[in-house]
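Engineer: Okay, here's what each chain looks like letter by letter:
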Amino acid sequence: MEYILGIFELSAINLVAVLGLSILTGFTGLFSFGHAGFMAIGAYVAAILTKNMHLPFWVAIVAAGISAGLVSIVIGRLTLKLKGDYFCIATMGFGEAVRLIFSNMNYVNGARGMANIPQYDGATLAIPFVVALIAIVLSWNLVNSRQGRNLVAVREEELAAQMAGINVLGSKMVAMIASAVLAGVAGALMANFVGFIAPKSFNMTKSTELTIIVIFGGLGSISGSVVGAFVLTALPELLRAFSDWRLVFYGLAVVVIMVGRPQGLLGGSELTPSGIRKMIAERKAKLALARAKTGGGQS
Amino acid sequence: MSQAILELKGLTKSFGGLTAVNEVSFRVEEGGISGLIGPNGAGKTTIFNLITGVYKVSAGDIHFRGKSIANKEPYAIADLGITRTFQNIRLFKNLSVLDNVLTACHTSAKYGLFEAIFRLPRFGKEEKVLLEKAMSLLEIMGLADRAEVISNNLPYGLQRRLEITRALALDPKLLLLDEPAAGMNPDETIQLMRLIGDVRERFKLSVLVIEHHMDLIMGVCEHIHVLNFGCTLADGKPGDVANDPKVVEAYLGAEESK
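First to last, the sequence lines map onto chains A and B.
For the first sequence, position 197 matches number 206 in the working numbering, and the numbering has no gaps at all.
For the second sequence, position 131 matches number 133 in the working numbering, and the numbering has no gaps at all.
In short, the hints are calculated from the structure, not lab data.
No false leads were mixed into what you were given.
Below, a list of computed lysine to any residue pairs in the SDA-like style, where the Cα atoms sit at most 20 Å apart:
{"#": "1", "chain 1": "B", "residue 1": "Lys239", "chain 2": "B", "residue 2": "Glu224"}
{"#": "2", "chain 1": "A", "residue 1": "Lys302", "chain 2": "B", "residue 2": "Pro157"}
{"#": "3", "chain 1": "A", "residue 1": "Lys287", "chain 2": "B", "residue 2": "Val151"}
{"#": "4", "chain 1": "B", "residue 1": "Lys130", "chain 2": "A", "residue 2": "Asn153"}
Computed footprint of chain B on chain A; a stretch qualifies when at least three of its residues, placed anywhere within it, have a C-beta under 8 Å from a C-beta of chain B:
{"#": "5", "region": "155-162"}
{"#": "6", "region": "173-179"}
Here a beta-carbon is modelled for each residue, glycine too, at the ideal position from N, C-alpha and C.
With the sequences and hints as input, model every part of the structure.
Structural biologist: Shown next, in the form of C-alpha cells:
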C-alpha cells in the first residue's frame, strides 16, 4: 500500500514539473531540454531551508518557486531571442551547467548529494497532492486567459502574433517564468519527499523525461499533461517485473503511442465536458468525411 | 489638403549592398483607400514590413498621425492602430475561427496576469466583453456560422476574410492589405472590393493596399503610388497613373503584352 502511495506521490510531483513544461512547450511552442535545472534549483533551495535552517515545508516550497523563477528571468533574457533549435540547445546547456555547479559546491556536498533531508510524513504526505491540484487550477487559469491565448498565438504564428499587437518576447518570458516556478516547486516537493538529492538526479535524462511526458500527453493540453504524468511515472514501476527489459518496454510504449497518435494522447483537446463534446464532434465529422470519400469512389 | 494619417518621408531600406526601398515618400489620406503597386521585387512588401516594424528603417522616417513610428517594436505599432494582413495568409492555423479573432481582441481587455491566474472579478467581466466583441465582428464579416471551424479548414477566400477580421479586432486606424486578392477568381475579387469599401465605411479607417489585380486597384483606390526597383515611379489619381507612359512601360505595358 505504501508502495502504491509512493508511486502516486511521485506522479503528483512529476506532474507539477510537467505542467510547467506544458505551458512552455505545449502552449508556447518552445522546446526546453533543461528543465531539470530549474528542478535542481528548487530541490537544493528546499533541502537547505528544511535541513540546515529547519524551516517548515511550505516556506521551502514558496522559496524554491521564487528562486527558480528569478533564475529563469536571467536565462530568459539570454535565450528567448534564440529561434527554435538554438533555444533548445541553450536550455540543454543551462540544465547541464546547473548540475555541474551543484556537483562542485561543497556546501551541498558536491556530487555525493544531500541526505537526511526532512521528509513528508503522516499528514504532510498530502502536500504533493495539494500542490499538484493548485498547480493544475492555476495553469488552467493561465492558459484560458488572454495571456494564455497570446502564448498559443506565439506558438502558431509568431509574425502574425506581433501584428496582432502581442509582445512576443514578453509572452515567451511569461511562459518561461511560469514553467520555471512550477519546476522549482516540483524540485522542492521531490527533495522533501525522497529525503535525498544529488546532482545526478537532475541530469539531462530527467529533462528529457519531462519533455517526453508533455509530448506524450499532447501539446497544448493541460489534461493531456496530467494523464501523461501519471501514466508515464507509473509505467516504469508497473514494468518492474520485467527488470532489465522495463526501459525497453517503456520506450516501446512511447514509440507506439507516438506512431499511432502523433499529436499525443490529447493534443490540443481537454478532458472537460465541452472538450469531450468537441472531440466527439470532430471524430464524427472525420468519419463522415471518410465515408463520403469512399462512397464517392464507389458510385 | 486633407490630413494624412500615414506619411513616409524619404524612406530607405538597404540589405547589405542592395537598396530594396530608395527614398520613397508618399502619404495616405485620413479615411482614404490608397494603392501601392509595382512589378515583383519593387519593394512593396518591404515597405509594409518597415511600416509595421518588422524591419528596421535604414534612413528616412515614417509618421503615423503626426508622430514618428520608425523603429518601434511591431506590437507597439499595432497598439497605436496599424494592422496588416499577409501576402501568404498567416492565420493561427490550428485554432478555431473564433479563437483567431478572440486572440486579436486581447488589447480590449485590461486585466493583468495575476487577475487571470486567480480569476479575480475583472477577469470574468472583461472576458465576456471580449467574447461579445469577437462574435459581433464575426457576425459583421459573415463568419459567425463558422465560429467553431478550425481556421485551416476554411476555404481559401474565407481564410482571407478571417485574416481581415482578425486585423479589425485590434480597432485599427490604418489597415494594410498585402495582395488580398491573390489567388482569387474575378468573382471573389469583386466581392473583396466591396468588402474593403464596406470595412472602411463601417470601421472609419484608412486602407493601404498592395495589389496586382489592376481591376481591384483601379476600382477601389482613390490614390495610387507606383514603385519600380525600390524607387517611386509615379504618384497620383488612378486615371492619371494608368495613363503615365512610364508606368505603362514598366508595369501595365508588361501586363498587356502577356
